[in-house]
Amino acid sequence: MPVTSPDSPPRRAARMESSTSVRRRLFTGGRHPLLRMIAASLLVLAGAIAGAVALPQAAAAAEIGPGFQEPGKPLNHLGGYRAVDGTIAYCIEAGHPSPLGGVTADSGFSEQVNGLDPASMLRLDVVLTRHGDTRDDRTAAAVAMTVWSIADSEGYAAAGGDERALRRAPEQEREAIRILAEQFRAEAAHYEEVVPSAELRLTIDENDERDGYLEVDMHPATATATVTLDGAEFVAADGDGSTGTEHSTRSVADGDKIAIITDLRDNALPFTVTAVSDDVTITGVPSGTVRVFSTPYAQTLVSYGAPTSVVTSAKVTDVRDRRVPTLSTTAQPTAAAGGTVRDVATVEGIPTAGVFLRFEGYLQPAGATTALCTMENAVYTSTEGIFVERDGEVPSANFAVAAEHVGIVLWVATMTTASGEVLRRGECGDPAETTIITSPPRLPVVSG
Amino acid sequence: MIARRPLVVILLRVGTAAITAAAGVAIVSGCVAVAGAPGPTKRDSANVTTQRDDGARVGDRSRPPTPSALESMDVPVHLSAVALDALPEARFDSVIGGLLGETTATSQPPIRTFRLTGRTALYGADRTTPIGSLSATDFLGEPTVIVPVAVESGWARVLTPARQSLPSTNGGHAPAQTSGWIDADFLTGGARLRHRIVISVSASTLTVIIGGSEVATYPVGVGTEATPTPTGVTGYLQARYLDPSQNQAVHRVQLTSLHSDSVDEPYGGNDGGLIGLHFSDVTIGAVSHGCIRLDAVAITAVDALPLGTPITIEP
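Going down the list, the sequences are from chains A and B. The numbering of the first sequence is this note's numbering, which starts it at 1 and goes up by one. The numbering of the second sequence is this note's numbering, which starts it at 1 and goes up by one.
Derived from the structure by calculation, the hints contain no laboratory data. Watch out, some of these pointers could steer you wrong.
[As the list claims (entries may be wrong)] DEER-style ranges, computed between Cβ atoms: (1) A:Arg425 - B:Thr169: 58 to 64 Å; (2) A:Ile436 - B:Arg192: 32 to 38 Å; (3) B:Gly212 - A:Thr416: 39 to 45 Å; (4) B:Ala136 - A:Gly385: 31 to 37 Å.
Remember, predicted model here, so these are calculated numbers, not experimental data. Glycine residues also receive a C-beta, built at the ideal position from the N, C-alpha and C atoms.
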């Protein structure tokens with residue numbers, strides 16, 4: 001319902017009067033009902049032929065939506081109108097006739113109405129996006145006032161502005177509505193396009209570089225993203241909460257702290273773990289468009305525009321310049337059956353968490369021309385790892401040499417972390433890792 | 001002037017022993033080689049050279065050393081591994097003719113035992129021609145026990161576990177104990193010998209002496225008349241081991257460096273009439289093939305003594 005006042009420009013008043021007076025003559029109790037019906041039909045047809053609006057689906061009249069009506073003047077509505085699909089839309093032409101009684105058509109999205117610049121369009125969309133879709137009378141009233149002041153600031157002011165508009169609301173509601181309207185206007189005026197951001201942080205356990213976690217901070221907190229790891233996998237919990245299948249990509253949310261397991265390789269120096277997201281997204285961002293509902297010879301209504309999304313990316317890389325402990329070994333060069341034999345490792349650069357050493361001795365097949373170190377020819381095996389927490393020499397256990405071990409034994413030492421990651425492993429056939437096992441010595445026979 | 005090898009320092013650290021330096025010879029108390037064992041010839045003249053028909057000067061130091069070249073005794077020669085391989089190793093079962101025969105009269109009681117830094121050549125009296133070798137480890141793979149009885153000008157005369165000859169090839173008698181010269185530079189890890197064993201064949205006793213004091217005497221069994229225990233000789237504890245095949249599965253056999261001096265193989269076999277101290281149920285009188293038989297108490301006491309402990313067997 002257009003806002004009218006004694007101060008309305010005559011041209012506007014005449015125009016309004018001409019259209020409304022027609023709508024009133026036709027619709028407010030005239031003495032010729034048949035003529036009324038014909039006129040109504042012609043109006044519809046005229047609106048269609050005018051082509052100013054498309055008539056995709058909304059071929060029905062808008063209805064009064066949330067808000068307030070001026071006492072005694074039900075068409076003086078302060079608030080929103082309900083389009084045929086239930087969308088709450090608002091007038092953007094102060095002083096123009098009410099869209100009630102006409103045929104309101106959905107004209108689709110538009111980047112510009114009323115000759116507004118893009119900044120004004122954005123402010124208009126902000127108000128409609130954030131507050132327009134409401135069933136609250138007070139909110140709807142405040143939105144209507146805000147929309148008029150943005151979309152038709154001169155016309156709104158000429159029609160009496162907030163003071164005149166608030167007369168349509170009950171007195172006890174006016175102050176609250178006014179405050180809301182000011183809030184909405186301030187919001188719109190100070191709206192800054194939100195650009196999402198994300199911070200990814202990788203933390204790798206210094207003592208066991210297979211373990212770590214990824215932390216995610218996103219702004220705004222409603223942003224979403226997927227993160228892909230390189231050099232590691234996410235450790236996912238199964239439905240029952242147990243550690244489940246590892247995978248390299250997953251969705252994340254603000255505040256997430258997700259366990260990862262790194263993809264270490266033997267003797268890899270350095271190794272790199274990278275977490276990347278190319279789709280940090282916030283949705284529902286006002287786009288500066290509005291949805292237009294047109295009614296011939298009446299107010300144009302608008303609702304919030306097509307939402308858009310803003311996408312950004314984030315990345316973090318962790319490079320481990322690992323100092324893998326060194327391992328060198330020297331086996332006992334000879335041993336006799338009936339005695340004992342051992343291997344000795346020299347280690348350096350042991351981390352504070354320590355490492356474990358294991359030794360295996362492999363008896364070479366008779367006549368073998370290449371070194372062979374398999375489970376089948378293993379004769380000495382550490383039953384459990386020797387825990388080492390400082391640099392130095394580490395001997396294996398003294399393995400008993402059986403008569404059937406006579407020959408050549410090749411040793412292989414293995415260094416692992418507590419979790420079993422292999423840090424170093426000797427080569428089968430290392431010359432320093434060879435023991436010649438001989439038959440037991442013939443003992444002297446004394447004279448007796 | 002001929003360069004003298006400095007005396008091996010380790011032999012100087014001897015209690016209150018007086019050290020007297022003489023012309024070319026350093027004497028350490030208890031370690032002087034005396035008459036009875038062939039030793040080096042002292043030098044008593046300067047270089048003497050003569051002109052040969054071919055113009056070469058005879059007697060020059062430029063010539064390769066010969067057994068008569070006095071100066072070569074002052075400078076032990078380190079042989080190559082190949083040269084050492086060609087020499088017989090002085091072991092419990094070897095016979096090396098050039099070794100020196102030892103008796104109690106020829107040796108002062110040794111006071112230190114050593115190990116070898118490596119395999120070394122063994123020389124006879126002339127200390128010029130190598131006659132054998134000593135390995136750094138013995139038949140058990142343990143460090144070879146070395147017991148010097150004399151030191152001279154960088155040489156050490158050490159007791160060996162080998163024989164010089166078989167009694168059967170020597171008129172029925174051969175030294176029970178031998179010695180040879182080695183380069184003293186090969187000695188390492190010296191340890192003082194505070195213990196001694198003295199065996200009286202006539203009394204059938206074994207006495208343990210520590211620091212010059214007798215601490216225990218045990219009855220022992222000794223060799224029979226046919227297979228006598230050698231006497232008048234000092235050897236040493238060479239090694240010890242268990243050997244069930246010799247019925248010694250509980251108490252270790254204490255192998256000495258001594259051999260029978262009258263029978264090639266008193267017990268048969270090929271090990272050279274080895275004299276050992278071992279456990280036996282019968283430990284009194286002339287009951288053995290030359291070995292010293294001990295009961296459990298005695299063998300346990302001997303087993304506690306360090307290898308290298310001198311063993312003197314008296315008639």
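Tested hints:
1. A:Arg425 - B:Thr169: 58 to 64 Å: holds, 60 Å
2. A:Ile436 - B:Arg192: 32 to 38 Å: holds, 36 Å
3. B:Gly212 - A:Thr416: 39 to 45 Å: violated, 59 Å
4. B:Ala136 - A:Gly385: 31 to 37 Å: Given range 31 to 37 Å: holds, Cβ gap about 35 Å.
Violated hints amount to a single one, hint 3; each of the other numbered hints is respected by the structure.
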